[in-house]
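So you can see what is in the structure, the chains are spelled out below.
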Amino acid sequence: MNEEIAFWILAAIAVLGALVAVRKRNLIHGVFALLVFFAGLSGLFLLLLAEFIAAVQVLVYIGAVGVLLLFAIMLTERVAGDDGQRMTSRRWFWGLVMAVAVFVVLLLPAIQQLPSPEAAQTIKPSVEALGKKLMDPYVVTLEVLALLLTAALIGAVTAAQGVRMPKEKDSPE
Amino acid sequence: MTLHHYLILAAVLFCVGLMGAFTRRNAIVVLFSVEIMLNAANLNFIAFWRYSENPALLHGPMFTLFAIAVAAAEVAVGLALVIAVYRHFKTVDLESLNTLREE
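Those sequence lines, one after another, are chains A and Y.
With my numbering applied, the first sequence covers 1 to 173.
With my numbering applied, the second sequence covers 1 to 103.
Any given hint might turn out to be false.
FRET-style restraints, in silico, Cβ to Cβ [claimed, not checked]: (1) Asn98/Y with Met98/A: 47 to 55 Å; (2) Asn98/Y with Val127/A: 47 to 55 Å; (3) Met1/Y with Lys132/A: 28 to 36 Å; (4) Asp93/Y with Val144/A: 31 to 39 Å; (5) Phe71/A with Phe89/Y: 28 to 36 Å; (6) Gly155/A with Leu100/Y: 17 to 25 Å; (7) Leu70/A with His88/Y: 43 to 51 Å; (8) Val157/A with Asn98/Y: 40 to 48 Å; (9) Lys90/Y with Thr141/A: 34 to 42 Å; (10) Leu70/A with Thr99/Y: 42 to 50 Å; (11) Leu96/A with His88/Y: 44 to 52 Å.
Source of the hints: derived by calculation from the structure; they are not laboratory data.
Glycine included, C-beta positions come from ideal geometry on N, C-alpha and C.
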């Protein structure tokens, strides 16, 4: 019973956060709504007994991605009073229709045809097992991921730095 | 709570993200709509894992962990590209980035 109440509250937080994040005109407010969405999702992970994933969700998404998005917005947009340009497409109605169509035509029938299995009631604290799994069967994946993150780091720095022409070396930047 | 509750919630979140990606014109908003969709997929992974026959195998959290890492790399590179585009075009409005469509 308690689980049910928690589920509905967290689901409402997640859906409302996502909706506000997508529809808000002020980008900064949108990012804060996105953080609320991430927090709600982290609560749902806790409800599903995946406490390590919930912690990772908080660290990576609320901590890193949120700050990164805020920085990117402050670097690119005039944040305050951004009604100077129309930011929503005129055809947002068709976007809504498309999203609802994807939901009704693709996702809903696929979900309804699944059998309804029982939940595992207790799962032992899984962080230790998770660490062991990372070392034993998944070690190659882990290394590839480390390589990918390094490449992404270098790529992000290179892309954000911009192309520097040889002539412009004396520019203040 | 059954598996279907979680799956329908994830589908709703996915569609919200899809709507954002379709309708907004700001590149950053499109990027974080994609993040919303990725998170909905992660919720699916975890829900299937919890309701699977042998959750001790930890397939779901493993896959979600790797998906989160890849998504973090994606958002870092994506935002760097947005900043590069902004330097070149002085805007991140997707409908004014139409150089390839020169009439």
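Hint by hint, here is what the structure shows:
1. Asn98/Y with Met98/A: 47 to 55 Å: This hint is violated: roughly 22 Å between Cβ atoms.
2. Asn98/Y with Val127/A: 47 to 55 Å: Holds: the Cβ-Cβ distance is about 49 Å, inside 47 to 55 Å.
3. Met1/Y with Lys132/A: 28 to 36 Å: Given range 28 to 36 Å: holds, Cβ gap about 29 Å.
4. Asp93/Y with Val144/A: 31 to 39 Å: 36 Å Cβ-Cβ, so the 31 to 39 Å window holds.
5. Phe71/A with Phe89/Y: 28 to 36 Å: Given a distance of about 19 Å, which is not inside 28 to 36 Å, the answer is violated.
6. Gly155/A with Leu100/Y: 17 to 25 Å: holds (22 Å)
7. Leu70/A with His88/Y: 43 to 51 Å: Given a distance of about 22 Å, which is not inside 43 to 51 Å, the answer is violated.
8. Val157/A with Asn98/Y: 40 to 48 Å: Roughly 28 Å apart at Cβ, these two residues miss the hinted range, so it is violated.
9. Lys90/Y with Thr141/A: 34 to 42 Å: The hint (34 to 42 Å, Cβ to Cβ) holds, given that Lys90/Y and Thr141/A are roughly 41 Å apart.
10. Leu70/A with Thr99/Y: 42 to 50 Å: 29 Å Cβ-Cβ, so the 42 to 50 Å window is violated.
11. Leu96/A with His88/Y: 44 to 52 Å: Because 32 Å falls outside the window, the suggested range is violated.
Against the hints set out earlier in the document, violations occur for numbers 1, 5, 7, 8, 10, 11.
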